[in-house]
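Line by line, the protein sequences are chains A and B. Each residue of the first sequence is one higher than the one before, counting from 1 in my numbering. Each residue of the second sequence is one higher than the one before, counting from 1 in my numbering.
Mixed in with the good hints, there may be bad ones.
Since the list can't tell identical chains apart, any single copy or any two copies may satisfy a pair.
[Unchecked claim] Below, in silico cross-link-like pairs of lysine-lysine (PhoX-like), each with a Cα-Cα straight-line distance of 25 Å or less:
no., residue 1, residue 2
1, K270, K235
2, K21, K258
3, K270, K221
4, K275, K258
5, K160, K21
6, K198, K221
7, K198, K262
8, K2, K82
9, K160, K275
10, K258, K235
11, K198, K82
Hints listed in this document are in silico derivations from the structure and should not be mistaken for laboratory results.
Number of protein chains: 2
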Amino acid sequence: MKAAIVGIGLIGGSFALALRKYGICDEVIGVDNSEHNRNEALTRGLVDRIATLDEAIAAADLVVLATPVDSIPLLALKVLNKVTDQVVMDMGSTKQELCEVISQHPRRGRFVATHPMWGTEFSGPEAAVSEAFTGRTVVICDREMSNPDALRLVEAIYEKIGMPIKYMSSEEQDLHAAYVSHISHITSFALALTVLEKEREEDHIFDLAAAGFESTVRLAKSSPRTWAPIFMQNKYNVLDVLREHIHQLQIFRRMLEKDDVKGLIATMEKANTIKRILK
Amino acid sequence: MKAAIVGIGLIGGSFALALRKYGICDEVIGVDNSEHNRNEALTRGLVDRIATLDEAIAAADLVVLATPVDSIPLLALKVLNKVTDQVVMDMGSTKQELCEVISQHPRRGRFVATHPMWGTEFSGPEAAVSEAFTGRTVVICDREMSNPDALRLVEAIYEKIGMPIKYMSSEEQDLHAAYVSHISHITSFALALTVLEKEREEDHIFDLAAAGFESTVRLAKSSPRTWAPIFMQNKYNVLDVLREHIHQLQIFRRMLEKDDVKGLIATMEKANTIKRILK
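With the rest of the complex left out, here is chain A (with noise of 0.2 Å):
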């Protein structure tokens, strides 16, 4: 099998290597605006080859869409309007727009929504890792819409990566990515400024990797130009979690305010059940 790699940057880059690594595919075909990314993935070896986008059409069975999401929805339906019988298949974090969009193609069949759940705060081809999907969940949105073959291969790809597939519509994949992804990204981003606020009046915010910190912030070095897409195209669910965080750290700070530690216990004791859905 042949596939096209539309954007080969983090999730891209990696799994173009798991194509590879899995031997689903003999040739890996790269298409990016970027000549960086270009050069990147032909040297690190990503990619076999480069090629423009009607060509990597032409010639592959399978097209991959790994652009910031903001790009996808235009792009998949650009696709959609030169395949024939291939499969088009998206990794985007966002889902609704994108499926609303392609919704009335008459070749909406031949496209299956995928979002992996597999992200670090690293970005670009040299960021590619080729072990970066294998345990993890990936979910597929509207599964009825696309035809039993296409669905069938995309499952087929993802089980051989190793990874449990989970199905939902567009609009379930979107509240779900906004609880376990995005509100996580915007606290991360917010405590970075929170700290770095303070040090311009303070000399001794320093080893920052100790006590904790380091694991809550890391995702603070995350790429603005794929998150801010994210962010925009999934406005409504992250700003119900974002007011419910903020809420939260507001009933929190008014019980360290009145001194109320039996309300700071069993506030924290209800925050550890999350132990029963944190593997």
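Based on these hints, arrange chain B on the given structure of chain A.
Using the frame of chain A, we list chain B on its own:
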């Protein structure tokens, strides 16, 4: 050298293991109010024997206080009342109240106030690990208040374990700890509650290990009995940081509400500069 560890939980237990592993002590005596902790500490070989506080003080060259921070000031006074030429040190996360309470004690010089910058979301002797502290920074507070020989002994121990030492006043340490440790815990607790709140309504909150959530919320598993006293003892610094953090989240929310993509990107780019101080 013989050491008495008062409070054989995550921190005291890990320190006991390090004292043996690095050949610093030939006997480690455990003191703990909890029968469970005493039994676990013996069974797991964290300590050589169990004793009462008075027996342990009489037998030891070094007395290490590793109980919850709200109990340390009075415990430190009681121990100082009984020591002659022994050295006493604590390992708590807050220092101002402790250092103020013991400041006028005639044997204040025997005391060395320290905060090794390490912890996990787990607690109790079961969670103790011998390599906990190696490579981590330790803060020593108000060193001019300690006798030179007492300070030198504690410095030598931390150096043998492989911990870089930073010196600061107890005021500076508490401010620093609020930023690099305490706020991360509050954020994690609040994030866990946000998700648990939503989970009551939705069936689709799952696979929380994915996509960044796990690392941001890990600390929400931490012990309320450890952390409520830390937040209370460092109340004013923690409230300062918490207010700034809520403020940053509110700015983020407003930009998202107004579709201010440029603002969002500029804010995240600023947050990215945390790379500068985060190793």
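Now the hints, each set against the structure:
1. K270 - K235: Between copies only: 21 Å across chains, 28 Å inside a chain, cut-off 25 Å.
2. K21 - K258: For K21 and K258, the Cα distance exceeds 25 Å both inside one copy (57 Å) and across copies (44 Å).
3. K270 - K221: between (30 Å within a copy, 10 Å between copies)
4. K275 - K258: neither (28 Å within a copy, 36 Å between copies)
5. K160 - K21: Within one copy only: 10 Å inside a chain, 45 Å across chains, cut-off 25 Å.
6. K198 - K221: within (18 Å within a copy, 27 Å between copies)
7. K198 - K262: between (30 Å within a copy, 24 Å between copies)
8. K2 - K82: within (17 Å within a copy, 78 Å between copies)
9. K160 - K275: neither (30 Å within a copy, 36 Å between copies)
10. K258 - K235: between (34 Å within a copy, 10 Å between copies)
11. K198 - K82: Result: close neither inside a copy nor across copies, 53 Å intra and 42 Å inter.
Checked against the numbered hints listed earlier, the structure breaks hints 2, 4, 9 and 11; every other hint is satisfied.
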